[in-house]
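Number of protein chains: 2
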Amino acid sequence: MAEPTHDSSSGITRTSRRLADGREIIYFDDTPSAPARTAVDTRDLPEQAPRSQVRRDPLTGEWVAMATHRQTRTYKPPADLCPLCPSTPGRPTEVPESSYDVVVFENRFPSFATGVPGAPAVVDGMPMVPTAPGRGRCEVVCFTSEHTSSFGSLSPSRVRTVVDVLADRTEALNQVPGVEQVFPFENRGEEIGVTLHHPHGQIYGYPFLTPRTARMLDVAASYHDEHGRMLMGDVLAAERAAGARVIASSAHWTAFVPAASRWPVQVQLVPHRQVPDLPALSAVERDDFTILYLDVLGRLDGLYDRPLPYVAAWHQAPARVGRHLCWLHLEVFSVLRTADKVKYLAGSESGMGVWINDVTPEQIAERLKPGKG
Amino acid sequence: MAEPTHDSSSGITRTSRRLADGREIIYFDDTPSAPARTAVDTRDLPEQAPRSQVRRDPLTGEWVAMATHRQTRTYKPPADLCPLCPSTPGRPTEVPESSYDVVVFENRFPSFATGVPGAPAVVDGMPMVPTAPGRGRCEVVCFTSEHTSSFGSLSPSRVRTVVDVLADRTEALNQVPGVEQVFPFENRGEEIGVTLHHPHGQIYGYPFLTPRTARMLDVAASYHDEHGRMLMGDVLAAERAAGARVIASSAHWTAFVPAASRWPVQVQLVPHRQVPDLPALSAVERDDFTILYLDVLGRLDGLYDRPLPYVAAWHQAPARVGRHLCWLHLEVFSVLRTADKVKYLAGSESGMGVWINDVTPEQIAERLKPGKG
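Protein chains in written order, with my numbering: chain A, 974 to 1346; chain B, 974 to 1346.
None of these hints come from the bench; they were simulated from the model.
Among the clues, some could well be false.
Repeated chains share a single entry, so a pair holds when one copy, or any two copies, can fit it.
Once the Cα atoms are required to be at most 25 Å apart in a straight line, the calculated SDA-like pairs of lysine to any residue come out as [stated by the list, open to error]:
| # | residue 1 | residue 2 |
| --- | --- | --- |
| 1 | Lys-1342 | Ala-1224 |
| 2 | Lys-1342 | Met-1101 |
| 3 | Lys-1314 | Gly-1275 |
| 4 | Lys-1342 | Val-1219 |
| 5 | Lys-1314 | Asp-1278 |
| 6 | Lys-1342 | Arg-1310 |
Since the model is a prediction, treat every value here as computed from it, not as a measurement.
Input sequences plus hints: build the corresponding full structure.
Listed below in structure tokens is the structure:
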């Protein structure tokens, strides 16, 4: 068992332990008085044996993950059975401690895991369909022990801790053998399929470059070849100059509705300096992001006067390739097109990859700008 | 007004007329005794003025459509106000006639339309975001005048008519100036966002190559360069030889669950002969498809013992480019992962383009094979 480490610059104490089935759990405590994290997982859990597989679609060249053990995953448990709350006497959860600040643990129903057995092959009789064990890592990040809270309700210092935690996990997962890309994200709200309401995010360590990132790398490379500049740098400068879609900015970050938004609500938060990923952000840039993001989340909840369901997706550089072409940013988007109507991904979106948006980015930006709440 | 044309080989009488706001409506009658289609649209409809625009996302290079006039589109009307039912005295609908067999008309709330004004440009101050008027054409196809029916309940002869109608419309829309790709599809079920329950499909004439088709063309071209053969031909031969995922086949078509399925339910119906699009199908191939597709739809509804929500998406060759590399096929897929649980497209799917599937294609195929219903 590793000793807790205390980072005096961030003030965070980091303690790594194991759950009953061997999964790692890491406590990140930002409360100076936090007790030593020594609680033992008393549950009788079966040993983890995830059997996920990835296969490459011959027609699109894109990898698809198949994780059949996830069929039995926890589905909307009542609040008093929440597996992400701290444990109480007689009711052990995924977190053995009776309290925590931020905690990360390996997903019990992972899409990818380090222990998946097997070797690369092809689907029987299908030489054009390569397959590989779904090796990687999936983690859950609990932002707070308060079940009914939300990311937007966290204190600035807690958000700052979460940023450090995501940076820590990105650095660690980039080192995991086979992981090609680390993707921290938060799904929030039933409309996007969230089955556990406790405020939490996830981190996927994919065993391949994702189709979206591969595509963005290709486009950024072409742009750099043609113009000798970074695409995101030019987009950021143009958005800041145009102003029509900028909803908030600070010394080190700008938040804007992208000029070709595909979602009814979509905001990109972009640092002014090119950094490949979260670990590369300076302390000042992290502080600055914290304030800006809380401001943006507040406006998003104000848009329809209700908690907005959203996906918050961190676009980071892959572990090994194209890092110099990547520009870290957070994209927050929602499927909600009115207070009670969802945008579905039907024929055009799911069949052909063409998004049809009912609003223009300028209309959404206008509603998200300060004083329009 | 064009005179009705009667195709004696198909037995279909085709009558083109105009709705009150100038949109075209085309009756395709397969009933020999069908009356002349002379009814006039008596509604006082405002002239059509769709203002949709397309913009190219600078980070992905993909076009996104913005159709702000669609915000006011009809949303789940009660059955007695269905705009797709035939008109009755005092209650005019989108179809002026008091009966019809199959009818096609231009969508009142189109994502793309021929009359959109404007010229290609860039978003103000954003040279990396090209924009263009959303010129194209969107049509609605009513499969039957029976409001409570479904595609799977149609008679074989009616399905055969629908195939001819989609071929007719593909041929016509491929000729519309600016249309680059014609996409016939059916969205079925509330879980996929269907707002009108009357059995109907849609046809999009896109003003650009869709991202999905562009991607598939690239992959097919690389495969052809490397192997000197058609990718889909090899996939089809391998699937037929392997058998594990084939759920039905006939003289001219095979239906299989693709080896790298991304959806909980996914079936591809592929003709044995390479044809670029629906118009290229022979009469025998159309007859054969009709029987096979009705069989497959019946099994899909049997899977969870309930009407399956699905998207049925026709993959056809673009109007102008890469036609020799395309192999027509129909892909039917569903978001339903159990009888009452939907697969949501959250962080991994919508953020990174990585689908996580809870089932293997072999498991789904096993349940869809004959005798397993």
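Between Lys-1342 and Ala-1224, at a C-alpha cutoff of 25 Å, which is it: within one copy, between copies, both, or neither? within (18 Å within a copy, 61 Å between copies)
Could you figure out if Lys-1342 and Arg-1310 sit no more than 25 Å apart (CA to CA) within one copy, between two copies, both or neither? within (18 Å within a copy, 39 Å between copies)
Could you place Lys-1342 and Val-1219 in one of the four classes (within, between, both, neither) given a Cα distance threshold of 25 Å? within (8 Å within a copy, 54 Å between copies)
When Cα atoms must be at most 25 Å apart, do Lys-1314 and Asp-1278 count as within-copy, between-copy, both, or neither? Intra 14 Å, inter 28 Å, cutoff 25 Å: intra-copy only.
Status of Met-1101 relative to Lys-1342 across identical chains (alpha carbons, at most 25 Å): Between copies, since 24 Å is at most 25 Å while 50 Å is not.
From the Cα coordinates, with 25 Å as the cut-off, is the pair Lys-1314 and Gly-1275 best called within, between, both, or neither? within (16 Å within a copy, 30 Å between copies)
Taken one by one, the earlier hints all hold for this structure without exception.
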